[in-house]
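Participant: Chains A and B supply the protein sequences, listed in that same order. Using the numbering used here, the first residue of the first sequence is number 1, and each one after it goes up by one. Using the numbering used here, the first residue of the second sequence is number 1001, and each one after it goes up by one.
Everything labelled a hint here was simulated from the structure, so no lab data went into it. Predicted model, so just to flag it, every value in this text is computed and none were measured. Where hints are given, some of them may not hold.
Claimed, not checked - Per the computed footprint, the stretches of chain A lying under chain B, defined by three or more beta-carbons under 8 Å from a beta-carbon of chain B, are:
1. 142 to 149
2. 286 to 300
Said to hold, decoys possible - From the derived model, a few chain A residues whose C-beta atoms are all more than 12 Å from chain B:
3. Val35
4. Asp44
5. Ser180
6. Asp199
Idealized CB from N, CA, C, for every residue including glycine.
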Amino acid sequence: MIPLRRALDRLRARPGAQAARVLAWGLGLGLPAMVVGAVAAGGDLLRARAAAVPMVLGPPGDHTDLALAALRFDGRIHGSLPAARATLGPRAEALPLRLGHRVGSTPVVGVDPGLLRVRGLRVADGRPFVALGEAVAGARAAARAGLRPGAQVQPAPPLHHDLAGATPLVLSVVGVLAPSGGPEDDALLTDLATTWALDGHLHGHASADGQSGAAAAAELAPGTFLLEEARPEDLSQFHAHGDPAGLPVSLILVHPRDARAHDQLWAELSLDPSVSVVRPAQAIEELLALAADLRDLALLLLLPGTVGAVALLALVERLAAEADRAEDAVFATQGLPAGAVRAIRRAERLLVATAALAVAAALAATGPLLLVPWALHR
Amino acid sequence: MTALALAVRGLHHPAGARPLVLPALDLAPGARLVVRGPSGSGKTTLLRLIAGELSPAAGELRVGGAPWSALPADARRAGRFGTIGVIPQELTLIDWLDAWDNLCLGWALGARPQSAGMEARAAALVAALGLPPLRGRAPRTLSMGERQRLVVARALLPGPGLVVADEPTSALDPAGADAVDAALRASGATAVVATHDPRLAGDDTLTLPVGP
């Protein structure tokens, strides 16, 4: 007990220096472990999501971007497909998505109502969306923004500098989804028509006589107001100009009926120059192989820094040992057993090593928890 | 017949500019020898040889009749506690212990079990040397004079039969020097004191020669 008590006395007497030792060793060990762990955990999560989506159809472009858009609801996909492309016949269930809108950092995703069934999504609180302007919040998105059924949110305008662009429609949150582990957890899901309204392809307007308070604010023409909220009494006012089959979708999740249908569709769609088709599992494996190379490169680049840090730590330890020599002279002069002094120093090193390992373990454990959501939902 | 507290025969050891040579020295129990001489004359070397911190190049030192210098260095270190009290010139204290634990160093580190007797002796030394309350006090807050008196008390607390003191009053005012002088005498230990301080008188004086 005495060595441990005296070791604690030594730590307390030099808190700054000892904290620096603990942090230096802890960061030195923990940061590489955090990088490796985060890459592995992120890869596992992406693989699991990719396994749930057999095929993705999108506008011509980069296959990795298309796969990531499907797995992260990332709205930075360029171009769109006409909604009519979501008709693939009896060979597959096609689930179109409209991406690109956000409420703060939360993506607003227009989906086919069938998505909830195919993905096995369950409404934990409230009900599914059924009407224009209604949305359900993913579990994490709801927790993050404090959303509950009855809440109203307003998406950001798609183009901040387009003063003549679409006026954002207020969304009513009618339900909160149970956690699923998929990208829905961090999103607001609504129907395609609502996202088309957000795009400006679909809108409602009323005459001055019919407009009702805050629901209508933007005046299109003298006496005609654009509706900013889809109230039940105003739903009949909403309409699209042009052919609805030509309205845009960002991508289409394709769930073939069986392997044969999968192969047929893959062969047909791969030859169609007007679309991109990707198997997310395959694209993610290619991406993760690149990520593994980058991780290895990062670790290699960290190596000189790590060697330098270790050398610095060795210097610090040596200076600490030099400082201990004056104490050793006192202990020797007073005839105190060298073993007792060594036991105190060993206990001190054990405490520092334990604390450093705790720091390293905390970094290794929390790194993936912090970095993976950041990387997947930014 | 009572054994001599310290007996030196044929001591020869390198010390600075010229070797330390001491053909014979006998000290009876309770006697005090004051060692004088200029800097570099070997006073500190002689004290370290007596304390067993150094092994003589030639010759023999006996403490309490036992062949002290013939023991291995580790055995001399282990045997020093409670046998030979060392008051070094350096006033080094252990900064991660409070001043009281510095006084009771051997007990604080577990070399001896704590006891009421030790506590009483420590309290008596604190009072005799005019030290302030030491419990919970950081060593760095002590003045140089307090540090020196604490170092003296630390050496006397285990009740050694022989004390070697290297300039034990160098940082003290006359009152402090008198307190150290009195505490050394009150301990009843045989003392070898290297000093330039004329206030510290001995039963005998050894003057080491100047230079080569």
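Participant: Evaluate each hint against the coordinates.
Facilitator: Status of the hints after comparison with the structure:
Remark: the region 142 to 149 of chain A is not confirmed as covered by chain B, as 0 of its residues place a Cβ nearer than 8 Å to a Cβ of that chain, below the required three. Taking a C-beta to C-beta cut-off of 8 Å, the region 286 to 300 of chain A contributes 0 residues in contact with chain B, too few for the three needed, and the coverage statement is violated. For Val35 (chain A), the condition that its CB be more than 12 Å from all CB atoms of chain B holds, with the nearest at approximately 37 Å. For Asp44 (chain A), the non-interface assignment is confirmed: its Cβ lies about 47 Å from the closest Cβ of chain B, beyond the 12 Å cut-off.
Listed as outside the interface, Ser180 (chain A) is consistent with that label: its C-beta sits roughly 55 Å from the nearest C-beta of chain B, beyond the 12 Å cut-off. Every CB of chain B lies more than 12 Å from the CB of Asp199 (chain A), the least distance being 69 Å, so the non-interface label holds.
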